Each structure stands twice: as structure tokens, then as C-alpha cells.
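Engineer: In case you want the letters, here they are:
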Amino acid sequence: MIGFMLTIIRRDLLLVARQPAEMINPLVFFVLVIAMFPLGISPEASILSQVAAGVIWVAAMLATLLSLELLFKLDHDDGSLEQLLLAPYPSWCLVLSKVFVHWLVSGLPLILISPFIAMMLFLPDHAIPTLMLSLLLGTPTLSLLGAIGAALVTGVRGGGMLLTLLILPLYVPVIIFGASSVAAAAQGMPVDGYMALLAAMLVFALMITPWAAGSALKL
Amino acid sequence: MIGFMLTIIRRDLLLVARQPAEMINPLVFFVLVIAMFPLGISPEASILSQVAAGVIWVAAMLATLLSLELLFKLDHDDGSLEQLLLAPYPSWCLVLSKVFVHWLVSGLPLILISPFIAMMLFLPDHAIPTLMLSLLLGTPTLSLLGAIGAALVTGVRGGGMLLTLLILPLYVPVIIFGASSVAAAAQGMPVDGYMALLAAMLVFALMITPWAAGSALKL
Amino acid sequence: MSSSSSAMSDLFFTSDLACERDFRVLYSSLNFSVKAGDLWHIKGRNGAGKTTLLRQLAGLHSVDTGQVLYPNEATKVIYVGHKLGLKEQLTAEENLSWLAGLNGFSTKLQRYAALEQVGLSGYEENAVEQLSAGQKRRVALARLHLCKAEVWLLDEPFTSLDQQGIVDEQDWLNQHTLAGGAVIMTSHQDISLPQVKVLDLSLYAGSSLGDLSREGGSST
Amino acid sequence: MSSSSSAMSDLFFTSDLACERDFRVLYSSLNFSVKAGDLWHIKGRNGAGKTTLLRQLAGLHSVDTGQVLYPNEATKVIYVGHKLGLKEQLTAEENLSWLAGLNGFSTKLQRYAALEQVGLSGYEENAVEQLSAGQKRRVALARLHLCKAEVWLLDEPFTSLDQQGIVDEQDWLNQHTLAGGAVIMTSHQDISLPQVKVLDLSLYAGSSLGDLSREGGSST
Amino acid sequence: MYFESFDGFWHMAGHGPYVWSSYGLFVALLCLNVWHARSQKLKALKQAKAFIRRN
Amino acid sequence: MTQSIWRMPRWFHQMGSPKWFYDFGGSLQPWFAIAAFALLTWGMVWGLAFAPADYQQGNSFRIMYVHVPAALLSQSVFLGMAVAGAVGIIWKIKVAFMVARSCIAIGATFTAIALLTGAIWGKPTWGAYWVWDARLTSTLVLLFLYAGVMALNQAITDRQIAGKATAILAIVGTINIPIIKYSVEWWNTLHQSSSFTLTAKPSMPADMYLPLLLTVLGSYCVFVLVILIRTRAQILQTQSGANWLMQHRDITGA
Ligand code: HEM
Ligand SMILES: Nc1ncnc2c1ncn2[C@@H]1O[C@H](COP(=O)(O)OP(=O)(O)OP(=O)(O)O)[C@@H](O)[C@H]1O
Ligand SMILES: Nc1ncnc2c1ncn2[C@@H]1O[C@H](COP(=O)(O)OP(=O)(O)OP(=O)(O)O)[C@@H](O)[C@H]1O
Ligand SMILES: [Mg+2]
Ligand SMILES: [Mg+2]
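Here the protein sequences line up with chains A, B, C, D, E and F, keeping their order. Per my numbering, the first sequence starts with residue 1, numbered consecutively. Per my numbering, the second sequence starts with residue 220, numbered consecutively. Per my numbering, the third sequence starts with residue 439, numbered consecutively. Per my numbering, the fourth sequence starts with residue 659, numbered consecutively. Per my numbering, the fifth sequence starts with residue 879, numbered consecutively. Per my numbering, the sixth sequence starts with residue 934, numbered consecutively.
Looking at chain A on its own, in the form it has when it is part of the complex (with noise of 0.2 Å):
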């Protein structure tokens, strides 16, 4: 079973590194989508630092679900999804290794460049290990909860979009309680309670999402 996970882990990171646009994409979209509000909205700092901390989640939230989509449509395409699921191995082992590798790619870099992005919203500084805490908690979670959806569009045409339709409500808590955190982050409050709830949500994501997309898959 570990041997599997392996074999799977070892494959994605191999597909990554032969096409590493696919790393970088989901990075450039959230500084994209984010660069594009001082644009919209207002460049002054008064304005941008109070809707920072939700411009940021919800950019995070859409460079999640858009690299989500190909999490197992291209497997499909190809035929390899076939493969992996004939493997003797529960489909909850599969699932959880791409998700993982997902993660990696997409959402830890996210991460990484938060502080520069806060940066250019003017939220405060003190404000930033909440900012780069929260994400590092929720980011998993939405690409475990985006996995259910990726699994049962699998195989569907137009799937993108679909995809947005089923997962986003199901991250509304996580966007409510990630960006709340940051907010109360810079005006100085306490944050524990937040995270408290963001890891709870990821203890379900966790719980949940094996079963949930592993029979979506095999439909």
C-alpha cells in the first residue's frame, strides 16, 4: 500500500517536474488575480488593507480549485486513471496521494509567497504569521474538499467550471474563517479560536474526502 502511494507520489512529482508551468501557474494566477484589485477597486492603502485579507483568500481559494480540475481529468483522458483504479489497492489510497501531491505544488507555494502579497495589500505586518498559519491549515483542506469535486467531474466535458459550481459552496466555512482570521489578526485580536476551527475542518476535509472521491471515481 505504501509502495502504491509511492509509486503514484513518485509519477505526479515526475509529471510536475517534466512541465513545471504547472507549479508556477497556480502561483501566477493568485499574484494575477490579486494584482488585479488595486486596479479595480482603489490603489490607496486605507481601503486596500481592509478588504486584503479576503482578496487573498478568495485568490487563493479560485488558484485551488482551477488547478483542481486536471487533479484526475487528464488521468481519465489517457486511460492511466483506469490503471490506477484496477490496481489491487483501496481507491482512498489513490485519492489521498494526489491530493497530497497537489497540495505540494500548488498550495504550499501560496504559502511561501503570502508575505509578499500582503506586502502589496498593505495589511500589517503583524498580521502575517496569522495570514501564512491560516493558509497553511486551509489550503489543505480546500484541496481535499476540491478533490471530491475533481473526482466526480471526472470524465465530464466542460469540466472547470462544474467543478466551481459543486466545491465552492462546500468552502464557504473555510474562506468565512480564514479570512476572519487574518482580519482579527490586524486589528490586534485573538486567533487561537479560528484556528482551532480551521484545523477541525481539516480533520474532517481528512475524514471525508477519501470516501467521498474515491467512489465518485469509481462510478
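Calculated directly from the structure, the hints in this document are not laboratory data. Source: prediction; values computed, not measured. Among the hints, a few may not be true.
Ranges of calculated distance between the beta carbons of each label pair, as one might list FRET restraints [unchecked claim]:
#: 1; chain 1: F; residue 1: 1140; chain 2: B; residue 2: 236; range: 47 to 55 Å
#: 2; chain 1: B; residue 1: 334; chain 2: D; residue 2: 718; range: 43 to 51 Å
#: 3; chain 1: B; residue 1: 412; chain 2: A; residue 2: 46; range: 22 to 30 Å
#: 4; chain 1: E; residue 1: 913; chain 2: F; residue 2: 1146; range: 25 to 33 Å
#: 5; chain 1: D; residue 1: 853; chain 2: B; residue 2: 232; range: 41 to 49 Å
#: 6; chain 1: C; residue 1: 631; chain 2: F; residue 2: 1094; range: 33 to 41 Å
#: 7; chain 1: C; residue 1: 640; chain 2: F; residue 2: 1184; range: 28 to 36 Å
#: 8; chain 1: B; residue 1: 239; chain 2: E; residue 2: 891; range: 37 to 45 Å
A few chain C positions that, by computed beta-carbon distances, are all more than 12 Å from chain A [unchecked claim]:
#: 9; residue: 605
#: 10; residue: 613
#: 11; residue: 627
#: 12; residue: 634
Partner residues aside, some chain A positions facing chain F, computed with beta carbon under 10 Å [said to hold, decoys possible]:
#: 13; residue: 145
#: 14; residue: 152
#: 15; residue: 155
#: 16; residue: 156
#: 17; residue: 162
#: 18; residue: 166
#: 19; residue: 169
#: 20; residue: 174
#: 21; residue: 180
#: 22; residue: 201
#: 23; residue: 204
#: 24; residue: 209
#: 25; residue: 213
#: 26; residue: 219
Idealized CB from N, CA, C, for every residue including glycine.
For this one, chain A is given, so just place chains B, C, D, E and F with the ligands on it according to the hints.
Structural biologist: This is chains B, C, D, E and F with the ligands only, laid out in the frame that chain A set:
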């Protein structure tokens, strides 16, 4: 030539009719993304009405962008793009027909629903006609410019993100003038200048896209 | 066609298997068992249901009526279908590596040897997207030499292969069955091996859904 | 193989056509002309470059060395490749409608007739995604009966067809050439028509990039 | 009857448009749903009958 | 092929048979139609014409008799959909998947009605059609959830696969509904002084709450009615050719 374009338009509309979700999806994406902002930022009318114009325009841009991804990709994957290109007509006919259907199906519904969205974000009522007019002038430009990117990423894996990178920079002026026009209208200022600029950009896109996307497809 | 009573010596068997798509019964009352050394050639005209049957045997298509049973849970099965399951960006060798990894373990040397067997030496480090249709199929087939699976389910494995390729492949099929494996394959071309048993799907074609509820007995 | 001097009576001809992929020369100094009534069977082992050649003839793959020339600009060409160019969601009839619309005009009656000719009557209103591999290919081939094109470029058109299908198709090829059309096709199976001319790509295989700079003369 | 006149019933002291449009929506959308379901069923019934005729 | 952990009771098995459902549902259908019509007419006429106006909100209060049933049903239907889906997955009952699918359209309709009537009600009471109040927001999210299930259902052409996919999404969605509701409430109270609370008066006079009871019951009847019709339609579609159906008097016309 007209016959050729009508054939394509009929085919694409038929495809949409066969899968109406494709039409509703950009719309729902638009609404969903916008609904996330109050959650992420704040539910207060005073803040929301300030960011409304920018948020609506950024969401419209994202919705257009993401639905553009598949403009030529699906045709490429099943080989029907080859057949379309082999037909004895210039490739700009193909581009214009496909962009027209795309706008009809994804741009127009956005415009029609925008008054409701504006209400939810507490945009002043008197800014709504400007919002709709600016979207009417702006979304075709977005579709046209996006088609260039869509043509370039045809046949490339993981196109969605790549497309964003290519095209977002081109969208910047549209976003700026579109959002500014609405913001100006909200403050009761004249918007003729903005509209003229948006119209000029539309003409520019109409001139450049058929050639650029047409040649990109033949690569 | 053996009855299901001799079940325990079989690699697998079907009992009253049936399939219906879009209100048309493709086949019904299909009872056949596959033993070590069998080489089944499934025939039938376009749309007869060959692909569907193979996918049911592999467990990739849901079985609603009847059963497919593998008495020994550990029986290893390889399925190579219309879609080859290769990652286009990876090289031939890397593809073999992960495909073999699904069922066990292989060394680089073994993978090179398998690729040589299918006539692809020199192409080991080429990305699969740079291979021709026939070469891709050969990569997919190389897996058969690498994983020690008892049952091979092959859907039109001769597609895109040149004539030498087809001859070679029949040789592999022969060796596999002689070594105690079993092959179930579809093809519109004839197979020139003595041990071939033909399963003609047209003999099991049903006409209406009503048939599915009947017990036993094959319809014509 | 005629020289390019008889050009004006040809439907099209190549002059010194060559192709190189990944620093390997697939073929070079390819001079052949296609006249009305010709049926060319392009042969070669897997990876020889058959698909690449057909795509060069169709104008879908860039020609860097040599030329492909259609003396008459209005010559109509149909290319059916590995990818069939069908929209899976649309029905067989709707697909034919737009495909035929690219080159002219067709009535619903004609489309039904074309589908009947390829043995798909009864499947006209089925979405293509619900058809089997062979049935899909038949839909793509139905186009040949609908559009009046002089030149047919067919890449392995027998793939997935059952035996009756292959016999039927050879019949169509025969009729098309007798009626003054031309067919250039690849296949690993033999064609049992008297007028077949074989183009064996292995005779034009170059060995190294250097060959491309040489003028004329085919290397072995 | 709570209202004195029909006019009073119609205007509901200025809240008429709100109340009537709400009730209208409720009735209209539910009827639409039942109607759609029924038409769906009639279609299926017709198809099933056609199936018998074909066989 | 996995064995169910839970044994299925006998009557359950029977209910899973399309034939049984088709016949029994058919005999129930007219009763629900009559009940729905009677209860709703009675309740709505009572609510519109006879119930007293609210001392604070005046006549706009009458919207409650359609708003509250719709809001209640929007949630019940989603729960029903998830339960049906779970039953289908656990016991592999095809009819359960069909029931789950039948829930989508009617549930989305009730949600839309709740939102629209709520928005209309908001104008005279709050002076705005929309505010980002917790309950409103979570109803909006519920509508999105329905939209997702609906879109997924449309996108998958194979009926059986669509049924299972719907079930999975409905289950995941249902588990999430309380989380969404809680988080939204929490979010809103954090930012906004609770200026707008939905007025729930426990001590309503009977004249005020009895019509509500009637419309709520009537709405449930509409729900069941639509489920019966749609599920029976799906049975007709998927069982074409089955012997029992071919000899059924609905089809032979006898
Ligand atoms: C778009 C706006 C609105 C939405 C989405 C909405 C949604 C809801 C929901 C979800 C419920 C809960 C039903 C339950 O589970 O008990 C509800 C109940 C209720 N709503 Fe609304 N509502 C809206 C506007 C309004 C307005 C403007 C009023 C009146 C001022 C109102 C008055 C009530 C009352 C009296 C109840 C029943 C009491 C209760 O169960 O708490 N609603 N609404
Ligand atoms: N995208 C590509 N990039 C580089 N080389 C390629 C590419 N596609 C094909 N080739 C190489 O070109 C050669 C010819 O390929 P082609 O598909 O034309 O062969 P073919 O004769 O059609 O073979 P088959 O009988 O297997 O279909 C092959 O050796 C292949 O490795
Ligand atoms: N997704 C689908 N939905 C409904 N029907 C389908 C679907 N796929 C295939 N069918 C139908 O099932 C039948 C059997 O298809 P299958 O692919 O098994 O045939 P096959 O014997 O493999 O044919 P071929 O020789 O052409 O490959 C066909 O008649 C086809 O129309
Ligand atoms: Mg097949
Ligand atoms: Mg080829």
C-alpha cells in the same frame, strides 16, 4: 463563407443546447465568486459598495477567461479543429464565429444578471445602467482578446492556467476603464469618456483578434 | 463452454452474465469459464459488445445482471484497452516504471529488456508523445512482459501494429498460455494459434430487456 | 513513380519531399504524383512516418524540405486521421451535417442515406459517445459518401472495423477510384484491389540528417 | 374576512404588490414544477408505448 | 460487489422494486394531489384574507405563509435527497437514486421561492431587498448547492452514474450544511450588530399560525407529489422493455 460561418455557429449552438450547463456555468461562477467577497471581506454596505465595481469587473473577467479555455481545446482534442481548418475558408471566419457564440452564451447572460448582483453589493441604483453598458462594451472585448490566448494554448496541457497568464495582462485596460466607469457613475460623474475608450478597445480587439487567433490556430 | 460447477479450478468464470445498453441487450446468459492455458478470442461485429464485455471482466464496467467471479482473490489481471494509459510527457521507460509499480516492482534493467522485446530499443528515453501510434501500443504491451499477471484482457491489441508486430505478439500470447496464463482478447483479425477458442458474441445477443429476467439458457 | 514534369494532369504531386523528426530522417527525396483513378497504399513499419506523410499531404504538418503541390486550387481533399473529428455529444446525423457543411451542402435525406451506406441505419439519432469504436469510425467514413471530394487521405481507415466493414470499405475505395477520384491511405493490412499501387516508405528512409541536404536520388 | 373592501384587500395598505407577488411566485413556481414533472412523465409514457410498438 | 454491512429489511427490499414503487406510488399520487391543493388553498386564503395583520409589519406579514414553508422545505428536501442517496449507495437500490434525483428540481424551486419571497419581504420591512444576514446567506449557499447537484446531474449522460454522483454530492453537501450555517451565523455576528433578526414570535395567536401550519403541510404534500411523479417517470424511462411494464395497463391502455 457566410455558409461556413453559419455552419459553425449552428454547430456550436447545438452543442450548447445539448449541454445547457455550459451556458449557465459561467453565470453561476460569476455569481458565486462575487458572493464570496462579502463573506471574505465584510457584509457591511458601506465597504461593499466601495468595492462593488471592481469586484464585479474582476469576476466578469474571470468568468469569461475560464469559459474561454475550452473555446478551441475541445475541438482540438477530438480532431474536429483539424477538419475546420482544412475547410477552404480563411481561419478568421472560424475565429469570429466561435467567439460570437461564446459571447452570446457566456457574456450576454452576465450582462443580464448584473443588476441583481449590483443590488447585492449595494451599488447605487443610478450606476446600474452604466454598469450594464460598460459590460456590454467590455465583455465582447474580453471574449475577443481571450480567443487569442485560447488559440495559442490549444493543444497544450493544463491550458486553463496558462491562458490566464497570457491574457490577463491584455485585460488590464479593460478592467481599469470598465471598473472606473462604474465607480464614476456611482459618484454621479460623467462616464462618456470611459465608454468611448471601451468602444475603442472593442474596435481594436475586433481588428486584431481574427488575424492573431487565426494564425495561432494554424501553428 | 464449461458450466460453473468446475469453478474452483478456473481462473475466473462468469455466470449468467448479461449486459444491456440503451434498452438493447448486447448479450445475455453468458456462462464461460477461463482456465489456465486458455486463449479466448472474442468475436463479433462492430457494436456487438466486445469492449463492454472485457470491461465487465476487468471490473471497469458495472455488472448489473449475472456475475463475474474470480475464485482466487489474488489473481492478477492486466487490462489493455483502447486507451493505452500512458502518460504522454513521460518517457517509455518511466511509463513502464509506474505501470509495473501498480502490481509490484521492477528494475530499470527489466524495463529496458521489456522494451527491447517489443522492438523499442533505442526509444526508451523518448517521451511517449513523440512515438507513432504503433510504437505507443508497443509500450503499452511491454507491460505484459514485465508484470507477472495470470490473466491478460486485451482489447484489439493488434491495432496500429505492423505485420511483424502482429506476428511477434501472437508469439507472446502463445508463450503466456503455454506458461499457464490465460488471455481473453478481442480482434477483428484472425489469430493463427492452435489453442484459440472463439467466443462469438453474436450467439449471445438478446433482443429485449425482458430476456434478462429469464433464468439460464442461452438465446440465439 | 512519375516525375514532376507531368504535373498538370495530376491531382497533386510532391517534389523532393522530406521529413525529419527529432534529428531522424523519416523519408527524403519523395517524388510521387497522384492522378485521377490512383489508389496509393502507403506501407511501412511502425514509426516509419506514414501518418506524418499523410498530414503533410493534407497541409496539417509543416513542409520544410521539398514541396507538396496541388496544381488545381479547387481540388477538394478529405482527411480522416486517427482522431475522427466527431463531436461526441452530437448525434451521428448532426455530426455529418456540420462536417459536410464545411465543403458544401447536404440534405437530411442524403445524410441518412450516407449513414445507411456505412451500415448505421437505426443509429442516426444516437449520440456518437454511445457508439462503439467501430461504429464511430463508420460515422467518420460516411462523410466520404456525402462530400464530393476528389482526394481521400485516409490514415489506417480499417482500424476497429469488423471484417464485413473492411470488405465494404474496399468496395467504396474501388468505386471512388473508378469514378475518377484518388485515394492515399495507410494500413497494415493488405488491400485486395487490382489497382492498388504500393508506396513503401522504408525505401525512402534516410539515415541521418545530412541526407536532407543532398539533391535528388532516393537513399535505401 | 379581515378586510373591509375588495380594494383594501388588493392594496393591503401599500403592501399589496409585495404580498401578491410573493403569493404569485409561490403558486406559479410550484405549478410550473408539477407541470414539468407531469410532462416529463407523459413523455416517458409515450416513449414506453413506442417501445412496445417497435418490438 | 462489496457486501452491505447492514441487512436490508424485507419491506425495504420491496420498496426498492421499481414495479412496486410504480404501482403503489401511482395509487398514492391522486391523494397527495388533492391534499396539496386543498391544504394550500385553504391556508393561503386564510392567510391572505382572514388572518389579522401584524401590529408591527402590517400586511406584509402575510408573506410569511408562503415564505416559511418554502424555507422549511428547502432544507427538508436536501436532507431527503441525501437520505435517499445514502439508501441507494448502501443497499444498491436503483429506485432510491431516482428519488434522490427527483428531489433536485423541487428542492431548488423551494429554495428559490424562499429567497425571492424573503427578498420581497425585506423591502417593506428592512428597506432593502438584500442584506448579508446569516440566514439569508446560508439560504443562498443552499441554492448554490442545489445548482451544483443539478449541473452535475445534467453533465453526466449515463443515468446510473448520474444517480450515484448525485448521491455522493448530496451526502457531502448535507454534512456541510450545518457547518455552513454555523460558520455564517458566527461570521455575521462578528461583523454586524444583529440589527435584523427574523421576528419569530412564539406567542402568535392561533389565527396567525394555523394558516402557516396548513401551508407547511400543503407544501410537504406538493413535495411528495412531485417526487412520486418524477420517480415514476424515471421508472418508465429506465424500465422500457421490462416484462412487468410492457404488460402494465398504463401502457397497454387496457
Ligand atoms: C432573501 C431573504 C430571506 C431568506 C433567504 C430567508 C430565509 C429564511 C429561512 C432559511 C428560514 C428558516 C426556516 C426554518 O428552518 O425555520 C426563514 C424563516 C423565517 N423568515 Fe425568512 N428569509 C428571508 C427574509 C425574511 C424577511 C424579510 C422576513 C421578515 C421580516 C423573514 C421572516 C421569517 C420568519 C418569520 C421566519 C419563520 C420563523 C423562524 O423559523 O425563525 N424572512 N427565513
Ligand atoms: N510529436 C512528435 N515529435 C517528435 N517525433 C515524433 C512526433 N510524433 C511522431 N514522431 C516520430 O515520427 C516518426 C513517425 O511517426 P508517424 O506517426 O508518422 O509513424 P507511422 O508510420 O504513422 O507509424 P504507425 O504505423 O505506428 O502509425 C516516429 O518514429 C515517431 O517517433
Ligand atoms: N456510453 C455508452 N452509452 C450507451 N451505449 C453505449 C455506450 N458505449 C457503447 N454503447 C453501445 O454498446 C454497444 C457495444 O459497444 P462496444 O464498444 O462494447 O462494442 P464493440 O463490440 O467493442 O465494438 P467495436 O468492434 O466497434 O469496438 C454498441 O452498440 C454501442 O452503441
Ligand atoms: Mg470495441
Ligand atoms: Mg500512424
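Engineer: Could you run down the list of hints and mark each one as holding or not?
Structural biologist: Comparing the hints with the structure gives:
no., hint, in the structure
1, F:1140 / B:236: 47 to 55 Å, "holds, 51 Å"
2, B:334 / D:718: 43 to 51 Å, "holds, 47 Å"
3, B:412 / A:46: 22 to 30 Å, "holds, 27 Å"
4, E:913 / F:1146: 25 to 33 Å, "holds, 27 Å"
5, D:853 / B:232: 41 to 49 Å, "holds, 44 Å"
6, C:631 / F:1094: 33 to 41 Å, "holds, 38 Å"
7, C:640 / F:1184: 28 to 36 Å, "holds, 30 Å"
8, B:239 / E:891: 37 to 45 Å, "holds, 43 Å"
9, 605, "holds, 26 Å"
10, 613, "holds, 23 Å"
11, 627, "holds, 22 Å"
12, 634, "holds, 25 Å"
13, 145, "holds, 8 Å"
14, 152, "holds, 5 Å"
15, 155, "holds, 8 Å"
16, 156, "holds, 4 Å"
17, 162, "holds, 6 Å"
18, 166, "holds, 4 Å"
19, 169, "holds, 4 Å"
20, 174, "holds, 9 Å"
21, 180, "holds, 6 Å"
22, 201, "holds, 7 Å"
23, 204, "holds, 8 Å"
24, 209, "holds, 9 Å"
25, 213, "holds, 9 Å"
26, 219, "holds, 5 Å"
Violated hints are absent here; each numbered hint is respected by the structure.
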